[in-house]
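Enquirer: Sequence:
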Amino acid sequence: RRKLVDFELRIVLPQQPPQLLAGGDCDVGISVSSSCDKVIAVGCDKVEVLSFGREAQDDASPAADAITKLKQRINLHSFVCGIHLYGKEDHKHNIMSYPLVEPFSYSADISRLGERFGGFLTGVEVLGL
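4 is the number of the first residue of the sequence shown in the working numbering; add one for each residue after it.
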C-alpha cells in the first residue's frame, strides 16, 4: 500500500511579453496584470495505490518466466484542478481562484500482464469504478 496525502502539482505560467499586454497584434479583450503570477494547480487530498499481488496465469507451470498478472487499485480522493492568481511579492497570498472542475473522487482497478518493467502501458488494463 502506497499513500500520498495533500498532493498538489503547481505549474507557474510564464509572463506575457509587454507588447501582448498593451494590445499589440494579439488583442483578444483579456486584461492581464503583470503584478501577479498565474498558476495552474492540480491536486487531491489523498492518492492511494493498493497492490493485490501477482497471480500466475498458468497454474500447471510455476516456471520463473511464467506470465503473471499484477492487480492494483488506485484511489483519488477529492481531486481538484484550477487556475490561481498569486501576488508577486508574497506567493502565499492567493488573489483569485478559478476552479476548472468541482472536487471529485475516483477509483480504478489496474491489471498488468507480463514483465514488471516491460514498458509504460504495455499489457495494462484499466477499469474505472
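Read the hints as simulated data drawn from the structure, not as lab findings.
Glycine included, each C-beta is placed from N, C-alpha and C at the ideal position.
Please note: incorrect hints may appear among the correct ones.
[Unchecked claim] Below 30 Å or equal to it, Euclidean Cα-Cα: the simulated DSSO-like pairs (lysine-lysine) are:
# : residue 1 : residue 2
1 : K6        : K74
2 : K49       : K6
3 : K72       : K91
[What the hints assert, rightly or not] The calculated label-pair distances, taken between Cβ atoms and stated as ranges, are:
#  : residue 1 : residue 2 : range
4  : V15       : D112      : 33 to 41 Å
5  : M99       : I77       : 29 to 37 Å
6  : Q75       : N97       : 34 to 42 Å
7  : G126      : I14       : 26 to 34 Å
8  : E58       : P102      : 35 to 43 Å
9  : F55       : T125      : 18 to 26 Å
10 : L7        : G90       : 23 to 31 Å
11 : H96       : G56       : 32 to 40 Å
12 : V129      : I98       : 31 to 39 Å
13 : A44       : Q75       : 41 to 49 Å
14 : N78       : G126      : 16 to 24 Å
Enquirer: Are the hints correct? Go through all of them and say.
Expert: The hints, checked one at a time:
no.	hint	verdict
1	K6 x K74	17 Å, holds
2	K49 x K6	7 Å, holds
3	K72 x K91	50 Å, violated
4	V15 x D112: 33 to 41 Å	35 Å, holds
5	M99 x I77: 29 to 37 Å	32 Å, holds
6	Q75 x N97: 34 to 42 Å	35 Å, holds
7	G126 x I14: 26 to 34 Å	31 Å, holds
8	E58 x P102: 35 to 43 Å	41 Å, holds
9	F55 x T125: 18 to 26 Å	20 Å, holds
10	L7 x G90: 23 to 31 Å	28 Å, holds
11	H96 x G56: 32 to 40 Å	47 Å, violated
12	V129 x I98: 31 to 39 Å	38 Å, holds
13	A44 x Q75: 41 to 49 Å	26 Å, violated
14	N78 x G126: 16 to 24 Å	22 Å, holds
The structure is inconsistent with the numbered hints 3, 11, 13, although it conforms to all the rest.
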